[in-house]
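**Student:** Sequence:
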Amino acid sequence: MWIVQRLTTHLQRYERWAMRRYVKRLNAFLLPRTNVQQRSIKKLRIQTFGTSSCNDQWITSAIGRWGVEDLELVVDNSSWCYDFRLLDKCENVRLKRLVLSNCYHHDAPKSLTFQRLTALTLCKECSHISHVCCYILRNCVQLVDLSLKYSGHNRDSLHIRVPKSKLKNLQLDNCNVGQVYLTSLPCLEAFACRGQPIELHYGEVPRLRHVSLNFLQTGDNAKDGSLCGLSKLFLGIPPPLEYLALQLRGGQVSSHS
1 MWIVQRLTTH LQRYERWAMR RYVKRLNAFL LPRTNVQQRS IKKLRIQTFG TSSCNDQWIT
61 SAIGRWGVED LELVVDNSSW CYDFRLLDKC ENVRLKRLVL SNCYHHDAPK SLTFQRLTAL
121 TLCKECSHIS HVCCYILRNC VQLVDLSLKY SGHNRDSLHI RVPKSKLKNL QLDNCNVGQV
181 YLTSLPCLEA FACRGQPIEL HYGEVPRLRH VSLNFLQTGD NAKDGSLCGL SKLFLGIPPP
241 LEYLALQLRG GQVSSHS
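Numbered by full-length UniProt numbering, the letters in the sequence shown go through residues 1 to 257 in order.
Careful: at least some of the hints might be erroneous.
Think about it this way: if two alpha-carbon atoms lie no more than 25 angstroms apart in a straight line, the pair counts; the simulated BS3-like pairs of lysine-lysine are [claimed, not checked]:
#, residue 1, residue 2
1, Lys-149, Lys-89
2, Lys-43, Lys-89
3, Lys-96, Lys-149
4, Lys-168, Lys-43
5, Lys-110, Lys-164
6, Lys-89, Lys-168
7, Lys-166, Lys-149
8, Lys-149, Lys-42
Per label pair, the in silico range of CB-to-CB distance [stated by the list, open to error]:
#, residue 1, residue 2, range
9, Glu-15, Glu-204, 37 to 45 angstroms
10, Lys-110, Tyr-22, 14 to 22 angstroms
11, Asn-92, Leu-241, 27 to 35 angstroms
12, Phe-29, Arg-97, 18 to 26 angstroms
Just so you know, these hints were derived from the structure itself, not from any lab. Just so it is clear, CB atoms sit at the ideal spot from N, CA and C, and this is done for glycine as well.
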C-alpha cells in the first residue's frame, strides 16, 4: 500500500510540474512582449483546465491579437465560461470557425465576434438543446455550418424554426434528443444525425437534399426495448431528397411503423 501512495505522490508532483511547463510555454507563445514581431495564426487548438487563471488572456490574445481564424477550445475537468464580448474592441479579429468543448457561451451571440462565425461546433452543451440551437441561429446571422455533439439531456425535443437563418449544414452527433423538428430552415441543404434513434419531422426545408442517419443501440435507453420505426424518420412533409443514407443497427430498430 505504501508503494502505491508513494507512486501517487510522485505522479501528482510530475503532473503539477507538467502543467507549469505547459502554462509557461503557452504564455510565451500567445502572450509575448509587445516588441515581438507580429505573426498570424490561422488554426489553433487549446486544451486547458477550467480552473486555469490564464484562459481569458490566452483566448483574447489568440483571437484578438494573432488573428486566429479556426479555434478549438477544449476544457477538461470542469466547465468554463468565456465572454466573447471581450473581443468586440479588438481590430484583428478574423475568427470564422469555432469549436467549444465543455465551455459555456451564455450571451455569446451578443458578441460581434460570435455573430460573424460561419462554422460552429458545440460539444457537451448541458443547456436545453432546442433553446441553444435557436438562440445561436437567430443571432449568428452568418452561420452556415452547425454541429452539436454529446449535448442535451432527458431525451430533449429539438425544435428549429428560424426562417431568416442561412444555415446549410446541421449535424447532431450522439446528442440526447428524442424528436427533431426541422420546422423552418429555408437554406438547409444537409442534415446528419448519429447516435440514438429519433423521430424526424420535416417542415419548411425546401433546399434539403442530403440526409444521413446513423442510429446505434447505445446507453441506458437500449434497455427499454423501444423500437425506431422507419416511418418515424419521414414525418411531416419530407422534401425531394437526392441522397439518403440510413445505417440502422441494434435491437431498437424496426421496419414496423
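**Student:** For which of the previously enumerated hints does the structure constitute a violation, in increasing order of number?
**Tutor:** 1, 6, 9, 10, 11
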